[in-house]
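As you go down the protein sequences, you meet chains A and B in turn.
Per my numbering, residue 1 is the first one in the first sequence, and the count goes up by one each step.
Per my numbering, residue 197 is the first one in the second sequence, and the count goes up by one each step.
To be clear, the hints were calculated from the coordinates, so they are not data collected in a lab.
No experiment lies behind these values; they were computed from the predicted model shown.
There could be a bad hint or two in this list.
Simulated restraints on C-beta separations [claimed, not checked]:
#	chain 1	residue 1	chain 2	residue 2	range
1	B	392	A	127	36 to 46 angstroms
2	B	356	A	47	16 to 26 angstroms
3	B	264	A	44	22 to 32 angstroms
4	A	133	B	225	50 to 60 angstroms
5	B	340	A	149	53 to 63 angstroms
6	A	83	B	294	51 to 61 angstroms
Calculated from the model, a selection of chain A residues having no Cβ within reach of chain B, i.e. all distances over 12 angstroms [what the hints assert, rightly or not]:
#	residue
7	20
8	31
9	51
10	59
11	67
12	135
13	166
For every residue, glycine included, the Cβ atom is placed at its ideal position computed from N, Cα and C.
There are 2 protein chains.
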Amino acid sequence: MEFWVSIGSTYSYLTVMRIDAAAAEAGVSVTWRPFNVREIMVEQNNIPFKDKPVKTAYMWRDIERRAALHGLPASLPAPYPLPELPFANQVAVMGLKEGWGVAYIKETYRRWFVDGQRPGDEPNLSDSLAAVGVGPEETIARARSAEWEAALALETDTAKSLGVFGSPSFVTDGELFWGDDRLEAALDWETGRQRL
Amino acid sequence: MEFWVSIGSTYSYLTVMRIDAAAAEAGVSVTWRPFNVREIMVEQNNIPFKDKPVKTAYMWRDIERRAALHGLPASLPAPYPLPELPFANQVAVMGLKEGWGVAYIKETYRRWFVDGQRPGDEPNLSDSLAAVGVGPEETIARARSAEWEAALALETDTAKSLGVFGSPSFVTDGELFWGDDRLEAALDWETGRQRL
Numbered sequence: 001m002e003f004w005v006s007i008g009s010t011y012s013y014l015t016v017m018r019i020d021a022a023a024a025e026a027g028v029s030v031t032w033r034p035f036n037v038r039e040i041m042v043e044q045n046n047i048p049f050k051d052k053p054v055k056t057a058y059m060w061r062d063i064e065r066r067a068a069l070h071g072l073p074a075s076l077p078a079p080y081p082l083p084e085l086p087f088a089n090q091v092a093v094m095g096l097k098e099g100w101g102v103a104y105i106k107e108t109y110r111r112w113f114v115d116g117q118r119p120g121d122e123p124n125l126s127d128s129l130a131a132v133g134v135g136p137e138e139t140i141a142r143a144r145s146a147e148w149e150a151a152l153a154l155e156t157d158t159a160k161s162l163g164v165f166g167s168p169s170f171v172t173d174g175e176l177f178w179g180d181d182r183l184e185a186a187l188d189w190e191t192g193r194q195r196l
Numbered sequence: 197m198e199f200w201v202s203i204g205s206t207y208s209y210l211t212v213m214r215i216d217a218a219a220a221e222a223g224v225s226v227t228w229r230p231f232n233v234r235e236i237m238v239e240q241n242n243i244p245f246k247d248k249p250v251k252t253a254y255m256w257r258d259i260e261r262r263a264a265l266h267g268l269p270a271s272l273p274a275p276y277p278l279p280e281l282p283f284a285n286q287v288a289v290m291g292l293k294e295g296w297g298v299a300y301i302k303e304t305y306r307r308w309f310v311d312g313q314r315p316g317d318e319p320n321l322s323d324s325l326a327a328v329g330v331g332p333e334e335t336i337a338r339a340r341s342a343e344w345e346a347a348l349a350l351e352t353d354t355a356k357s358l359g360v361f362g363s364p365s366f367v368t369d370g371e372l373f374w375g376d377d378r379l380e381a382a383l384d385w386e387t388g389r390q391r392l
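Assemble the whole structure, with the sequences as input and the hints as a guide.
Spelled out as structure tokens, the structure:
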């Protein structure tokens, strides 16, 4: 199953922290696919929270309850918005190619939702890279290149071509599921426990 | 537990058809509170589907899967938008006061999602009223009055004061839950199975 995730999505915190255990329990292997959800949402005029204080307040309370349900720590509201959202995901795409991407995404989300530090910005960025065993300075310098900018753009285009419009999304067998609260449904689809 | 529902909300079809059984199983009594979600969403600039074809296509597919999961019939996409959304809910508010409101909401949703007939419009409106045992002509004439227009507006204001911004919503113990996929969480909150 593909897990399309964009650092910067608030609800994706829940999924990033629990998908490994949920997928293992279902016997499903997961491929993490970081992308730039902001590009797609702006393009589709899909602005769920900006200038929507009532819905935004609900979102944080809902995440607080869901985090408690799953036993995940959270200090809310986490800082928002994230100026460096694209670069945070550019680093993730590079990390996925090099084998440290999943660990980096988890580290940067923990620093965002528990320590209140913005992904893609310092100190979150360097500390997350160091925590997963890669040199921050060298890695950041390599990631700031046309090559990895293009790699992120390609992943974002692929997401778009699959109908992905938000994060987290799950794609299995050509079927798209959106939202942390569809993780179980996606795993059920993958294992054949639900088909139409 | 209060069930804030606005005829015209697509996902509310799932809740309208399954809340009685789910609440009975949880031992929770439910008060249905129809309101005009469109007024709140327009006011809050919360436009989730209009001019968003990718997200809209996903929504219908997601509802199709969720309906199948719950064993509910659905012929999708159901007709949309609904010009008579406010009046459909005005009738519902009257029906709740007079004892036939819940049955009417279920009837009008079934005609919308199974038979492809718009709520608040003919033949759905008269047939739904007749099906619940009230005279369509007389009831429609009474509902088209300043009295019931004001009653709907009052319910909508009350919803707003509770932080309700979408349908379906559930309010229990001052706690708000939004979305058919939060029905179980709301019932758990009501019965004390989850508290922060």
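Structure-based check of each hint:
1. In this structure the hint that residue 392 of chain B and residue 127 of chain A lie 36 to 46 angstroms apart at CB is violated, the actual value being about 29 angstroms.
2. Taking 16 to 26 angstroms as the suggested C-beta distance range, the pair residue 356 of chain B and residue 47 of chain A conforms, at roughly 21 angstroms.
3. Between residue 264 of chain B and residue 44 of chain A the beta carbons are some 27 angstroms apart, a value that agrees with the proposed interval 22 to 32 angstroms.
4. The hinted window of 50 to 60 angstroms between residue 133 of chain A and residue 225 of chain B holds, with their beta carbons roughly 56 angstroms apart.
5. Judged by the Cβ atoms, the range 53 to 63 angstroms given for residue 340 of chain B and residue 149 of chain A holds: they are separated by roughly 59 angstroms.
6. Taking the beta carbon of each, residue 83 of chain A and residue 294 of chain B are about 55 angstroms apart, inside 51 to 61 angstroms as hinted.
7. Listed as a non-interface residue, residue 20 of chain A keeps its Cβ farther than 12 angstroms from every Cβ of chain B; the least gap is roughly 22 angstroms.
8. With 12 angstroms as the threshold on Cβ separation, the claim that residue 31 of chain A sits away from chain B holds: the shortest Cβ distance comes to roughly 21 angstroms.
9. Remark: the non-interface label on residue 51 of chain A conflicts with the geometry, its nearest Cβ contact in chain B lying 6 angstroms away (cut-off 12 angstroms).
10. Residue 59 of chain A, annotated as away from the interface, has a beta carbon of chain B within 12 angstroms; the closest lies near 9 angstroms.
11. Remark: the non-interface label on residue 67 of chain A conflicts with the geometry, its nearest Cβ contact in chain B lying 10 angstroms away (cut-off 12 angstroms).
12. The Cβ of residue 135 of chain A lies farther than 12 angstroms from every Cβ of chain B, with a closest approach of about 40 angstroms, so its non-interface assignment holds.
13. Once the 12 angstroms rule is applied to beta carbons, residue 166 of chain A is inconsistent with being away from chain B; the minimum gap is 8 angstroms.
Violated hints, in rising order: 1, 9, 10, 11, 13; the structure is consistent with all others.
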